[in-house]
Structure formats: structure tokens, C-alpha cells
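Protein chains: 2
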Amino acid sequence: MQRWEMRGMDIQNAGPREPAATVGALATPALLLDKDRLDRNLARLSSRMAARGVVLRPHMKTAKSIDVARRAHPSGVGPITVSTLAEAEYFAQHGFRDMTYAVGVAPHTAERTMRLRKAGIDLKVLVDSPEQATMLGAAGRAGGVTPSAFIEIDCDGHRGGLTAADPKLVAVSAALAEAGVKLAGILTHAGESYSLCTPDALVVAAENERAVAVAAADTLRAAGHECPVVSVGATPTAHFAEDLTGVTEMRAGVYMFFDLVMHGVGVCTTDDIAISVLATVIGTKPEKGWILVDAGWMALSRDRGTAAQRIDQGYGLVCDLSGKLYPDLIVAQASQEHGILAIRSGSAQALPDLSIGTKIRILPNHACATASQHELYNVVSAGNDAVEAQWPRMRGW
Amino acid sequence: MQRWEMRGMDIQNAGPREPAATVGALATPALLLDKDRLDRNLARLSSRMAARGVVLRPHMKTAKSIDVARRAHPSGVGPITVSTLAEAEYFAQHGFRDMTYAVGVAPHTAERTMRLRKAGIDLKVLVDSPEQATMLGAAGRAGGVTPSAFIEIDCDGHRGGLTAADPKLVAVSAALAEAGVKLAGILTHAGESYSLCTPDALVVAAENERAVAVAAADTLRAAGHECPVVSVGATPTAHFAEDLTGVTEMRAGVYMFFDLVMHGVGVCTTDDIAISVLATVIGTKPEKGWILVDAGWMALSRDRGTAAQRIDQGYGLVCDLSGKLYPDLIVAQASQEHGILAIRSGSAQALPDLSIGTKIRILPNHACATASQHELYNVVSAGNDAVEAQWPRMRGW
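These protein sequence lines are chains R and L, in that order. Residue numbers for the first sequence follow my numbering, beginning at 85 and rising by one. Residue numbers for the second sequence follow my numbering, beginning at 85 and rising by one.
Bound-form chain R, shown alone (with noise of 0.2 Å):
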């Protein structure tokens, strides 16, 4: 929480107060984590990969706790994969030794990587072209370390990477024993699964994200390369792979919460969804079938990942207090502090007679996107009305 400098005057418990003891009495809006769902959500994937004899490496960019972490790794130590350089150096500091930094490498982040790795961090970078193996060797040099990269590899043309069959591939990984740099494997993500919803069609870019992975090993190892690691990874093709064969690691991250997108593509249902908005009524407005509450888009984000989907949940869907569904009732718009209740369009439900000072929960579009709105988590229980912890989030870069 913050904490304001102050002026010689007394504002009489005016900053920041003590945490409220009870959900009921927390301040809204305010984000709570249903630490049940949490940990049923990390077993169910970390049973699914050991079952497979497949590394798990979580990617912390959703939770950015290192509360979450800890519960995801025990041990404490890892292995995890990050999205900034803040994020490294924030879990290094809290003990976790060996990460992935899944974001293409450039001069300024390599210098950075060097540091971690020279306290005796395990950061591994990732690496698409020969120009950034060469100047990644030279951070390393510069640094007095070794660095370990991952050639990234595009699976299905949603972002950076090489293809595998992209001659490139092997050129990339000359240049990086030309420059001394460890290759650590080949890492792919097939971020397009986020735009299926249907089993049968994640099923087939979960083995697509195999196949490019394994054949990308292949031709390396077939130039005569080490690819240690075979890393693949998106939430919903980690829980729609049938066959893994070839691949050594996993990498997810929004399938510790889980979201309405996720629910959209179909890997979780409703009762899955581990965070939620806790947020007040301030107005109604009957004759346009609006409710106000004290939650728009700087509580829940500017995200309106299921406006593609064939749900179009608003910018949320509304549980009461003790999470129970409303039906069909959505969050319709959003302003910065404001959000507009209202029936989905549509839908025959009448609008719920919700008076002022009722408290709802919101589930959210995007659990990245509105957790990174909030400072920390509202621990609580499923059916306990009390705030059992904090937990704090990082942010930045």
C-alpha cells in the first residue's frame, strides 16, 4: 500500500487504513484471490505435467507475488518464467534461483540479464536473430558471465521467433557458440490458441506446438548442437496436450486464476475463476436497467478479451458477495471509476433489485490485465467472509 509523505497536518486516519478483517468490510474497490481455487487450479496442471514427466515452469507474469510463487514452488527456488526484468530481479531477491525471461533480448535488458546472472541467478534470455547473439556474448563478456539463451521459435505466426524450418535457426545458434553463449534449448508458445474454443481444436495446436518444437530440436541437434531444453507453453494448450513426447518443459501463467477468456476458450469453468472485483453499488437507474458500482476500468481493465468470443461478457460477469452467479448479469460498460450493471442483451433475466451500499464480486475478462490494476490480494477462503491475508503484488519494469 502506499504510503503519502506528510505535511504537518493530521488527517485523522485519513492515509491508508489497517486491513479490513472481513470481506464484507474492505474498502472497494478491491481485488480478492480464493486461495482454494488458487491451489486447486496450480494442482491440477502440476499433476497433469508430472504425470507426463514434464517440467513445469510457471510464468509469473500473472500473479507477480512472490506469495503465489511460493505456493506454485514450495522450494521456493524455482524453476519460473518472467516477463520483465523487474519481475527477475524481485523473485531473485525473495530467493528464486532459476528463471526464463520469455521476451526477446536487446542491448540495455542483456547488460541487466548479466548482473542477475553474475549474483548466481539461472536467468536465461530469449534470442531470434545472430545480431542478438552476438551482442548478448559480448554482454556476457562485458559482465564476467555466461549467458544462457533460448532460441525462440514460432509455432503458429503469433509473434516473434523462427520457424523450424527457417534456415536461420541453425546460423542463430552458430552465432551463438561463436559468441560464447549457452544454448539452453528452443522455447515456443502458441499464443493462438487463445482464440480457439473447441477441445478438438486445442488439442490439434497443442500437438502442432509439439511437432514445431521437436522438429526445431531436431534440426539443431542434427547440426550438431545441443537443445537441451524442448520448452512449449500456453495455458490452454498445457491443458489440452494428449502427447508430449520430445518436449522437456511446460510454461503457463493465467491458469493459476484463470479468467473469462480462459472460460470462453474452454479450459476452465466459472467456478475456476480464482480473483474477482469486490465493488459497491452507488446508483441506480432502473428505467435504463443500469446499476452503478464503484468499479470501472481501473479496477477491471481496459481488456475486452471475450468481446471475440461467442460470450461477450462486458468487461465482467456478476457474483454476489459469496460469489454466487447473477445471471446474465454483466459488467455493460466502464468508465475509469465507474461500472454500468445490466442485463445481458438478449437475455430474458429480470435485473436483480441490488440498493445502494450492496457489495458484488466481478469476475474478470483477463486475470493478467486487472490484476496488474491492483496493488495486492484479498486472500480469502471460498464461503469464509475473512480477509485471511495480503498479498502484495510487483509492478514495473
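Some hints here could point you the wrong way.
Where chains are identical, the list cannot tell them apart; a pair therefore holds if satisfied intra-copy or between any two copies.
Each computed EDC-like pair below joins lysine to aspartate or glutamate, with the alpha-carbon atoms no more than 20 Å apart [claimed, not checked]:
#, residue 1, residue 2
1, Lys369, Glu215
2, Lys408, Asp240
3, Lys443, Glu195
4, Lys443, Glu215
5, Lys408, Glu326
6, Lys252, Asp206
7, Lys372, Asp437
8, Lys266, Asp302
9, Lys369, Asp250
10, Lys372, Asp412
11, Lys372, Asp250
Just so you know, the hints here were simulated from the structure itself, not pulled from any lab data.
Go by the hints and put chain L onto chain R.
Chain L in isolation, oriented as in the chain R frame:
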């Protein structure tokens, strides 16, 4: 900047670093604020209001910074508008005294508001129902202070508030008097003006906002209620209002920074946009016409406000390090920490040749949303590479 708790290990310089002395040396992504443009934008609206004898009450929901607030109000006491009670507490503890909390009051916020009034802050709140008036009066008695409230008027169906013709208007005013709450006046916001894009339509929206506000005030006065303040405002109407007869106060927030949505509305040029996100090229995909940068939606926000406008700017418009626009180069796609730059579809422009490590600046769709993704402003002056200061932002509720 965040400070991580150390765990007895040596991570040389791995924590947050000293502020960079130059823009070119900043770790990316980073938020830049052009002080010259900020001052020009502030002066433009304050002189416009001074010429009309209307008090300007800047909305601090966009900047959320004491340094920016003092730039707008060298007096350091107000008047200002705030969107959360955390903002009210933050600005109060930095010396501001005259504030309006422009969100409908609820039981838990009424109590917190009274603590600020007890501390000597003239914090006014919004109501639009007799229930809120009664609740607010009770909170005032419990807190040993006299609350002050605006009645929220709906001038364009945008959100909350009563229409000027609503018989409840006088009932709410009577309920305030009955509850011992001071009527500060009436307040309205032409939120629908954000969806306009021609000067004529903006002039009409501004006149409607004025006329509705004055009509509501006249209704209250005719019923024997004092209505000292007639408060209107939205950045588009504030800049296009030709006649403000009967209006005593103007509120606006995004005008300080402006953004691509305001450019699409026609209130500013791209040269007026005072904030931008500094990013670094981390990859290229010439075969796809893509340049990958390290600014995704975490740095830019998920706001796609220009998608509904005549020119869709994607997730932002791209400039070089000096602020010069690359013709038709936009952030076409964004994932959490990756942005994909591409030429706007339909344009004949060629993709610029930007190598890995090149720094660019991205103009945001929505300044309120983009700024909220960052911890601080790196303050620069036009055509100067020096980072003159770092101004922290507050957040939370």
C-alpha cells in the same frame, strides 16, 4: 519505484537503478512527460476559463501526481476534482484543501469522506438520490461535521445523475436539507462528447451541457434552495463551449496531457500530446511487415478508444526518439510485454528500417489509462534528451 526486501544475497545493482540522466539511457518501457506541452495545455484551458470568468477545477484522475497538480495550481490548495478517496487523501496530505470527489457516495465512502472534512479538507461529494442524502447526513453527524454535496445531473444519458426535469431533483435537495447536508450545487459531465468528432457537434454538446446544468440550478432555486455552484465539464466541451452563462465552474482532466482519442475528437493535435511511452525494438519480421518492441499492453494499457473513431490508431502512434511521427506506423497488436509495430492497413507507406535496440516513442490512445500503467513520469522538455525529473504517480483506492 518499488524496493524489494533483500534476502541476504548480493545482487549487484540488480534492484531498481538510479534514474537515468537521459531519455536514451532509460530502461524501457518508460513513461515520458513533455513539460513544455503540459504547460501549454494547462495555460490553454486556464486562460480560456479566465476569459469567461469561470473557475477551473482540474480533474486529477489523469495525472494522479502532486507535481502536476502544483503545475496546474501553484497555490497548492486547489480547487481540484478527484476520482477516488485515495486521491483525496494523497492531495490533502500534500496540502490541497478544496476538492470534489466526483463519484456517487456510498456508505463506506461517506464515512471516509467525513474524516477528511474533520481534518479541515473542504471535500464535496455527489448524490442523486434521497437515500444517499439521508445516509450522508447520518455520516456527518457520526463524524461531527457538516457534509457538502453536489446533486449529480444527467445531461446526455452518459452515466448517473438525474435529468433536469426529474421531479426527484427537488426531493433530493429537500432530503439534503432535512439531513443537515450543505447543498454545494449541481454538477454534470458531458461524457457523450467523447464520441463526437466535429466542431459543430462539440459546440452543440457544450451548449446542451450548459443549458441542462443551468436549468437544474434554476429548478432548485425556484424551489427555494440555494445552488451556489453550477459545475460542468469534459475536456471536449471545455474547449468548445462558446457561451458559459450561468456556469460557475469547469472540470476537465485529460486536457493536461491530451491523447489520440482527444485528437480524434478534434480537441488537440498530435503535437499537443504530452505523454508518450518510450520503447525499444527487440525484433523484426520484415516478411510480415512487423517490428517487435518491448511495450505491450502492460505499458500502453488495453485501451482501444480510437477503434471507434474515424482513424483507428491501434494501441498507439509511433514516433522516433525526438518525437517525430513515422508516417502511418502504429502499434497494430499488443500482448502483455510485446508490441507489434506495422504500417496502418491501406497505407502505401514503407515500414521504416529499425534495428534491434532502436528506441521509439508511442503516443497513447487514452492518457488516463496509459499513465496508470506506470509508477512515475520521466519529465523531459521538447527537443532535449535530458530527464529533468521523475514525478511519482499515486494509485489505488
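> Which hint numbers doesn't this structure obey?
Replying inline: Violated hints (numbers, rising): 2, 5 and 6; every other hint is consistent with the structure.
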